[in-house]
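Here the protein sequences come in this chain order: P and B. Reading the first sequence from the start, the letters are residues 1 to 356 in this note's numbering. Reading the second sequence from the start, the letters are residues 1 to 360 in this note's numbering.
Hints are all accurate, no fakes.
Covered stretches of chain B (in silico footprint by chain P; criterion: 3 or more residues with CB under 8 Å from a CB of chain P, positions within the stretch not fixed):
1. 160 to 167
2. 185 to 198
3. 273 to 279
4. 312 to 324
Derived from the structure by calculation, the hints contain no laboratory data. Every residue, glycine too, gets a C-beta built ideally from N, C-alpha and C.
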Amino acid sequence: MARITLEGIAHTYDVRSANAALKRLDHVWEQGRAYALLGPSGCGKTTLLNIISGLITPSEGRVLFDGKDVTQLPTEQRNIAQVFQFPVIYDTMSVGENLAFPLKNRGMDRRAIKSRVAEIADLLGLTEELSRRARGLTAEAKQKVSLGRGLVRADVAAILLDEPLTVIDPSLKWELRSKLKAVHRALNLLMIYVTHDQVEALTFADEVVVMKDGSVLQVATPARLFEQPEHTFVGYFIGSPGMNLVAADVEGHVARVAGHAIELGAHYPKVPAGSAVLGFRPDYASVVPNGGVPVQIRRLEDLGRRRLARVALGPHEIFATVPHGVPIDGAEAGLTIRQDRLFVYVNDELVPGDRR
Amino acid sequence: MSVCLERVSMVSIGESIISDVSLTVERGVMNVLLGPTLAGKTTLMRLMAGLDKPTSGRVLVDGTDATGIPVRERSVAMVYQQFMNYPSLSVYENIASPLRVAKLKSDEIDRRVRTAARLLGLESLLDRMPHQLSGGQQQRTAIARAIVKGADLVLLDEPLANLDYKLREELREELPSILREAGAIVVYATAEPLEALLLGGVTATLSKGRVIQCGPASQLYRRPEHIESARVFSDPPLNEITATKRNDLLRLSENLIVQAVGILAKVPDGIYTLGFRGDMARLDAPWQDSVSLPGRVTLAEISGSESFVHVETALGTFVCVERGVSMRQPDQSAVLHVDAARVFVFDRTTGLPVVVKPDS
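Bound conformation, chain P alone (with noise of 0.2 Å):
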């Protein structure tokens, strides 16, 4: 169990290129929290796990478990586990076995092992399974055995899971996950979790860290990452479809948009002309036959569960919300966004408003 800090942490693989893999960072990461670390192939997430595990020294800044400078520190000698993308078990031994082997390699004594095996099996729904040889596994209980044998150990300062459920067939996904979540709960672990992919993201992590190109670009909670997005670029990674973003002129209560007014729920003293982009959620804008800000309805989407419409605002085009029951015909209708739900970016960065 440890809290990690990283301090001025930065990373060029090619001391000779200007190109950093991992930009400047510090970010401490708190006993019994749940982090993943969310991006698209090449935003640095797997160096910034590699930092972390010691596979990496990085080329600037410290690395500390719980205030003891590790930075130099090979995996092995910083207590931590680690679950990959493929399964990492003995075929040829039992799932029990597997499960009880780093704490047998540890000199644990026989009873403790069983008593910790027995209750990891328990929380990965494996206890079926003990007795049984891995090599029969399907892919699906191979990978939850290695996630075992990653969290058999009470005494790590942290677990780190790069891209666990690759491997696992789409339909039972919320299962492992489901898992994933119990075993946090029940173990009070620290726990890094690496993936490209949203869902996995959101649905694991009490907090979620969005990189891209070596950056990152926002540290929050699923919620605020939906709701609040800092950077244009979570704004249109998170949520489908992504944010809306325009092009507008910001001045006081009002963005101009194709010259068109819309008001803020916000007061924004100081924004450079033409430099300005509105970013709002289709999800908090609604098309509507009367009023709004005219728009052309270009294509209506039925998504089963939620109509959209594609319309265009000036020359932007842009997504939208049907509302049930909201009859749209013709080419010809209004939007409104909803204010609270209304940002502000000035290169790609959230400007925050004043919202008395």
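Given chain P, work out where chain B should sit, using these hints.
Same frame as chain P, but now just chain B:
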């Protein structure tokens, strides 16, 4: 132009893969095959293409029997789930390859390659090699190659399944108009209900080698003609409850008996399977007419725009959909209210929807 499967069956190593399928696909609409893994989507496409020969039944192309004619004598192009490109050829040469095989003149090849590349937004990438492309760009290249030769029949077998969801979102938006431009008969297989709805067109729901129902996507979604069609067309999976109606009461289990309200008030006495999708149930607030089940949350799966909340009840675990990011935590108690005005009622034995008496 059309391809017609006429009472087609296919048996492989003693196992029935396709059972008595009759299906016509035509030019001018998007033909969507919707079904889970192993439903028979790929086999149906291979039969249409002439890659496989049916065990019984006929394949008609424009009304003419083409059952035994091999694929190389037909005008067919295919796009697979895995990105398939020639690794040693540039994007340009990948797209051009079927035209080179057909020995077209180089200025004609150039014209066609550039038209296809423009449609798929690949113009600036023509000199790249496949390994320098993202997954989305690789699949765009494969699609461009499929449409460039002007084949009569273009088959796409879960083409977006290997892309991450943002890329999938983009291509899904563009594909209908790209494929319309191709002017071919387009058949598109997917396992995803949302994709079938977005593509529009004529959808056939498939299960265990059979076509269950065929028609416009939104009609199939809202009016399943068999419980299996509703199952195939639900994500999260269709929630199901067995219920026995006697007089005005609905028995859901040994000790759970509720009033038969909503649609359930109007069906005759009998044993039914009630089917409801994730958005036909909600937590906390009842509907005007509800079947209510106390339970506890086991997991909220969060995608951002919506959350799938798994609720364990005495009748099993059900999934309901909440808008936005759900804050529900495992082990919280919750009451699941099923909307009795919208619930699907199927005959327990036949799986057919039950006809509701009109209001008197």
